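Enquirer: Let the hints inform the model, and build the full structure from the sequences given.
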Amino acid sequence: MAKYRVTVDTGGTFSDFVFFNEDTGEISIAKVPSTPKEPFQAVLNGAKELLDKGVAAKDISFFSHGTTVGTNTLLEEKGAKTGLLVTEGFRGIYEVMEQSRGYGPATYDLFFEKPRLLAPPFYTEEIPERVDFRGQALKPIDVESSLQAIRRLKQKKVESIAACFLFSFLNPDHELKIKEIAAREFPEASLSLSCEVLPQIREFYRMSTTVINAYIAPVMSEYLGRLEQRLRELGLTTPRLYIMQSNGGVATFESAAKKPVATVLSGPAGGVIASVGISQRVGIKNIITFDMGGTSCDVALIHEGNPIVTTQGRINQRPISLPMLDIHTVSAGGGTIARIDAVGGVHVGPDSAGADPGPICYDHGGEEVTITDANLVLGVIHPDRFLGGRLKLNRAKAEKLLEEKIARRLGLSTLEAADGILKIINAKMEEAIKAVSSQRGYDIRDFTLIAFGGGGPMHAGRMALDLGIPTLLIPLTPGVTSALGLLLADVKHDYVRSKLAPLKGLNLDEINGLVSQLTEQAKKDLHGEGFSDGEIALQPFLDLRYAGQGYELTVSSPMPPLKPADLDLIRRRFDAQHEQAHGHKAESEPVELVSLRLVSTGIVPQAKLSPTTPTGRKVEEALTGERKIFFGTEHGLLNCRIYSRKLLEPGHKFPGPAVIEQMDTTTVIHPEQEATVDGYLNLIVKEKKT
Amino acid sequence: MTVDPITLQVIQARLAGIVQEMQNSLFRTGFSTIIRESQDASCALLNTKGEVVAQHVVLPLHMGAFPACAQGVLRHYQPSEINEGDAFITNHPYLGGSPHAPDMAVLTPIFYRGVKPRGGHAPLRGEWVGFAADMAHKSDIGGPVPGSCWSQAREIFQEGLHLPPIKYASRFEPSRDIEAIIGANSRTPELVIGDMRGQVGAARLGERRYQELMEKYGCDTVLASFEALFALTESKVRREIASWPDGAGAGERFVDSDGIELDKPVRIHVKVEKKGDGLLFDFTGSAGQTKGPANIRPTVVRAACSYCLTALVDPALEINNGLARVVEIKVREGSVVHPYFPAPVNTYNPTVHALVEALFEAVSQIAPHKKVADGCSSRSIIIGGRSNKTGRSYVQYEIFGGGSGGRSGKDGVSGTNVNQSNARIAPVEIIESEFSTRIRRFELIPDSGGAGKFRGGLGFVREYEMLDQEARFSLRSTKHTIAPKGLEGGLGGRTGWCALNPNTAEEKIIPSRYSDHLLQPGDVVRLETPGGGGLGNPLERNPESVLRDVRNGYVTREKAGELYGVVVESANGDFALDERGTQQTRKAMQSSRR
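Residue numbers (my numbering), protein chains in the order written: chain B, 1 to 690; chain L, 1 to 594.
Accuracy of the hints is not assured; some may be wrong.
[Unchecked claim] Cross-link-like lysine-lysine pairs, in silico, BS3-like; alpha carbons within 27 Å at most:
#: 1; chain 1: B; residue 1: K114; chain 2: L; residue 2: K559
#: 2; chain 1: B; residue 1: K585; chain 2: L; residue 2: K167
#: 3; chain 1: B; residue 1: K78; chain 2: L; residue 2: K410
#: 4; chain 1: L; residue 1: K371; chain 2: B; residue 2: K114
#: 5; chain 1: L; residue 1: K410; chain 2: B; residue 2: K81
#: 6; chain 1: B; residue 1: K81; chain 2: B; residue 2: K114
#: 7; chain 1: L; residue 1: K216; chain 2: B; residue 2: K689
#: 8; chain 1: L; residue 1: K216; chain 2: B; residue 2: K423
#: 9; chain 1: B; residue 1: K157; chain 2: B; residue 2: K179
#: 10; chain 1: L; residue 1: K216; chain 2: B; residue 2: K688
Hints listed in this document are in silico derivations from the structure and should not be mistaken for laboratory results.
Just so it is clear, the structure is predicted and the values come from calculations on it, not from any experiment.
Expert: Dropping the structure here:
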């Protein structure tokens, strides 16, 4: 029997499945309604769909999952009752946070709030201990006080404990002592130590990350435990059960349960990794991903095949400093609302009509004009073929309200007003794309835009023209791209150890010692997850800055042991990277090391996606009709050919204006553009040669 | 030329992107802890008249300063002297628009050459179309004390090196002469020059993006859209003002002292007159100019008024010159809000906080929909010296908030900045790694938030120990003698406090403004920041909220009873509400108050 790989990405409304037949390379997809109350139920329902087709559970050789359990626990603040242990005298770190409000409107908002404390002061205990900036214990940890503190937390029925002491990234002994005591006194509580979650300088960010880990750990651990149990009951035997992490790699269920804070971007990360996979097959290396859904749009940048990673992520104002894919989110989706304010200014977003009541055209009581309504009025969306015809749209009502609420007040025709709304939302999304690309020193003309999600392929054509991005790629299944990414990801873990020291004259013995500690830990972890040495790849990095600067750049390092000559190479790389990112370098300024990093990869045998062989069908045979679409005042209303995505074959080529319809989205080809279909059935859209 | 409303919004989104990009560049390339950890820096785009077109708001006061700095440049230079590749700088409070000497403004003129014709060349000299500008606090610009803000200064000549608007770079090259002058006058020359170059870099980025914007949408469209954007903002603000009843209100606040006459509070008074869609802010009732550095320039007064208006009208307002058009102020020459040259101005923030609070009080008498009790104001400490390790001078500069005031329907926030201040707190681990101090304590202060139906936020304590070397300590604070006021029956917040070697025989209380105290190894400095005022009668506070505060250590059991009339029992390490006891206590307290 053929072996199957199964991946599932749980979204707010649907859970998307990709089934990959390892023998034939054939991919099939499924969408199953999500079950937010018991998220694993949708996962099981989807898996059963495959089994119902006659596949034996034991033939599922690989299971990988993008989950929103961690994210939602955090967003909805439904995590564990969490206790916090801090250095005596330093409760202020967690409560004061950054002290500043956000920038922009928050500065003026007299009613602003800090995010609620996930570990309230009532469950916070001070531990007599202190380590200094050299990692020396100034005051040894008071074991008896620690014991009493843990007992008090136990009495208060805390479920999870976070411990974060000053300078524990240099000397973890005191936090490890807590581990020992907790294991004895309160083994049933989950424990997160900052020296294990994120041994990195800047105490508040380390503490915030550790507390979030503690807060979601019991929920995640229970979810994964139950899911695994049910999968086993279905008959799955494969040891390869994975969860997508925010860093773009997967982790075993066991390791994700220990460090769930690493999974908060589990969903959107899949889309970025899918783009990496698609690009490798097609042979492009520089990509901007653009994922537009119902309420928000996510963009990310992939340079030379590597997605950009940040250590300054935030979820709902709460910092998470673990490396995560640098995904920039803006409130712009199909449900985003357009309105005119009292003085005649046009505003598109940030608020959204959401799924309920949704856009006007859904006819569920929505009265506010949305992006989806504008696309419908312009002719981009066909009222009878939305979501494969599952939802009939009310075009007349959308037109009427758009005319009354927007067009009339601006003195524009309904079509012009609808087009204007798209121009504004596109400008906002284009700024997000610039934020991850040109604002960081990348030349946008070297990039390919990969557009997915329900809304991506509708908007990306215009945006690529506006931005001057020469190539646009629409993958075959834009609606399940995250699930596709799960099929293509390797296991990936991050390790960090802060060490402040001048780069020049660095004590190489000490550094090599630290890196080899990280290396050994990484190997041990991957061996434990079933990888052999041949399947393990390691890459060290150094976080560097000009002495006195506040933000570090992560620079790749040669493999240890480092030799003095390597430091010169690293220095040159740093200067070059600084110039690339910030437009200038200071070759005569001293450089400081701030942290050592190691990324370990457990290489998962790749799913072989092979090109499709054309059957010889002509492009005209993929035509299903024509309709008029409004392309702005420059072009007006144009007759567009409609193609069916599932009838398109490699080699097909056709000019804009055109639309391509498929169940999960509609792609618009503008009059200035032409589309071709590549060997993997991706649509490649470029400007027509003049 | 008129710009259609759609293009207008698109251009507005683009402008927001440009200033955001400038700001990111500035934060990331800043060398000093002030830019990088505290983020005391801002960016803006201006037109050729020096009017703000777009800005990234980090510190609202910087925003008011940009037009004044640009106008300073325009007073000193003819348009024919402004060339592509120039960069102007100024930090002069009188000749430029800087709030005080450490805030250095960089402005680079933007030139537009048009779209390059196919196969042809763009014109050699483009059209001058505006400025890209940024402003950032410098760690030290000379003067008697590290950090340059001497609390006992009597003239601006004692506040560091002052640069009128001058050309710092031409043909894209910074002047070595000017860098040498600044470097020779600063205790931290590398940081100051490094930051200035970062500022020029960020402004150049703004220039390029502005040029690209013009290439895409056309020079005329972009310029015309500025005027239209001003009009949109102005009419939004005026419309809101017009919805308030006509009338007048007055507000008054006091700053602890000017740093020289330590027992003489400084009065800030404002009368606000609202008529139709206009507001007049009249500060003529404020004190005469002070001997010490509590004075502020009218530019700063204007910025503070803009801050309050934005907060009251719409925090998400698109801020540009349209807002400035609404703000009409009346100030008296020779007063604390319009001092004669060369009156000192270095410690402007306490005065601005008092002014903002007086403004909120005055406007709330006309438009009583958004009420907020007084907050903690802001303060900075400076520990400076010469490092034993490196032999270099260093300046450890930190900015602190405290509690914010109770608000209609909400408690104040603890450990936060308030009003126009918005600096991040520097991490303990960074401070200890870079400077010769150890932080001994950092925690909120119980009972420091003013009691009220909506409690004030809590202040916090920072305690420093000097390690192995001498250092000079300065404090620029306020509300150590005058408490943050409560509102509508709410009590005031706890005052701030600073002492050297507290709880020892050598304890010495340091006044809220004090410069240049010599610290010896082993000395301890303890700073307690003020809590916010409460809003509403504490006896009306929900007893459950008081219980929660007791459990979290924000309010002690004693004060819960004494101020809120809430009886909290302690049992088995937890707390419980005595509902009957609370009812009785509250009843008794209410009748004794009547």
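Enquirer: Would you mind marking each hint as holding or not holding in the structure?
Expert: Hints, one by one, checked against the model:
1. B:K114 / L:K559: Cα-Cα ~25 Å, so holds.
2. B:K585 / L:K167: holds, 23 Å
3. B:K78 / L:K410: holds, 23 Å
4. L:K371 / B:K114: Holds: L:K371 and B:K114 sit about 19 Å apart, inside 27 Å.
5. L:K410 / B:K81: holds, 24 Å
6. B:K81 / B:K114: holds, 19 Å
7. L:K216 / B:K689: Holds, at about 21 Å.
8. L:K216 / B:K423: Given that 27 Å is the threshold and the Cα spacing comes to 14 Å, the pair holds.
9. B:K157 / B:K179: OK: B:K157 and B:K179 at ~18 Å, within 27 Å.
10. L:K216 / B:K688: OK: L:K216 and B:K688 at ~20 Å, within 27 Å.
Of the numbered hints stated above, none is contradicted by the structure.
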